[in-house]
Amino acid sequence: PHPTPHIGRRIAQTLADRPDVLFAYWDDGLARLVVSATEEEATDEVVEHAARLAARHGFELAAGDVEETTHPADPAGVRTAVATFGVDVLGTAVAVTGYALRLPPSPRLLTAVVTLLRENPRFRAWLRARLGPDRMDLVLATANAVAHGAGQTPASLLLDGTLRACQVAETVARAAAFDTVHDDLCAPDRVSLAPGGEPRPPLRESPAQEYAAHASAGSVLGAAATLLVKHDGTEAAEAVLAGSPKAARYGPAAFHAVLSAALSRTGVLVRDPERLRRLDLAGTVVLHAGALRGADGEADPWAEPVLDAARRAGLRVVLVDDPALEDFTGLADQVVDARRPLDDVVHEARGETRTVLTVARVRSAGDSDILAALRASDVAVALTDRDGAVVWGADLLALHGLPDVWRVLIAIPAARVVGGRSQTLARSGAALSGLLVA
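3 is the number of the first residue of the sequence shown in this note's numbering; add one for each residue after it.
Hint data in this document are derived by calculation from the structure and do not stem from the laboratory.
Remember, predicted model here, so these are calculated numbers, not experimental data.
Glycine included, every Cβ here is placed at the ideal spot set by N, Cα and C.
Watch out, some of these pointers could steer you wrong.
Cβ-Cβ distance ranges computed for the label pairs, FRET-style [stated by the list, open to error]: (1) R314 with A85: 16 to 24 Å; (2) G422 with A226: 38 to 46 Å; (3) G88 with T268: 26 to 34 Å; (4) D389 with A178: 39 to 47 Å; (5) L111 with V49: 52 to 60 Å; (6) L105 with H59: 23 to 31 Å.
Calculated pairs, SDA-like style, for lysine to any residue (alpha carbon to alpha carbon, straight line, at most 25 Å) [claimed, not checked]: (7) K232 with S38; (8) K232 with A44; (9) K232 with A244; (10) K232 with G220; (11) K232 with R342.
Given the sequences, and given the hints that come with them, work out the whole structure.
The structure is reproduced here in structure tokens:
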């Protein structure tokens, strides 16, 4: 069990009285006990004392590999990314060694079956529900490496390894970004809000997933037709491999890994990479007035560039009315009354079957409608500059305010272009699959 805030604060107060503890406090947002020792040598002793205090209240230290943790510094993501990259490297070495030693390769049918299952969205969703995202990724990567390694086809593993290298860089960049801003975000006097409230809306199906579902069925039909016409299992396997929707997934995955790493290096905390990968689906952006106002209460200098970027991205702009933003209402498609709860605005926008991106600055737990609006959004961006609270349940934390939001918005057109071109490459492969039947 996790300590309640009351018990956590009591433990923190007891630790703070120790002479070898610089400070200790309970972070409500992260639901973690934050302790800093005066000397590095005293760290182990302080941790042991904290564990004993927690045990007195019926709690124990969580294992380091607990997958449910949402702590930004959790190394599980980095470990998984490195492990999957290592599996690809090992598989490539096996494939090259087998070819050099002139060992017989495994049947192409094995590689085709593994590829078909790996790229099928329904199978991935089924496996994810049972193993979790990290273990699912590792299992599929291992199966793919075994199939291509034994089949002596290193080219596919080199391509997959390139994607894995991008993902390793992304996870390391996200962890480093949190480490850089830790002292600012986790300060004792900083308003920190834990995830909670209504469940987040389910992830919308991406164009790549839609295409993969159709392409997988088409590959099976193409393989069946090839087998009927040519009576050759190897040719049927080649038809499956040629029609694989791999390119439709690889392109967007690589783009969003690079985007996430780039945002992290500029100071944006990417809390949910899965939500960020739906950025190309965004159809509406809801901008709360508090996010567009500067410290002086007037319009922020970045308000116009942000609105212009949203228009250029083809988004429907919904703006909350405010006297300070009167000059910018012409850039909005809809201006809503400031007295209307923001979560109602977001629910209405989502009811139009649009993917909604919401930008807001929360100042305290009392801003319940803004917090609810962020949770109801497909992609939630919380501004944590100035007096903004740290909303750990948001998908992106914009530490520099509107400049970070502008960077996110200008990435939307590029994400759509990458997705479209990746599907074009995948369809070219499907066309090649059809030629094999002829």
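### Task
May I ask which of the numbered hints given earlier this structure violates, with the numbers listed in increasing order?
1, 2, 4, 6, 7, 8, 11
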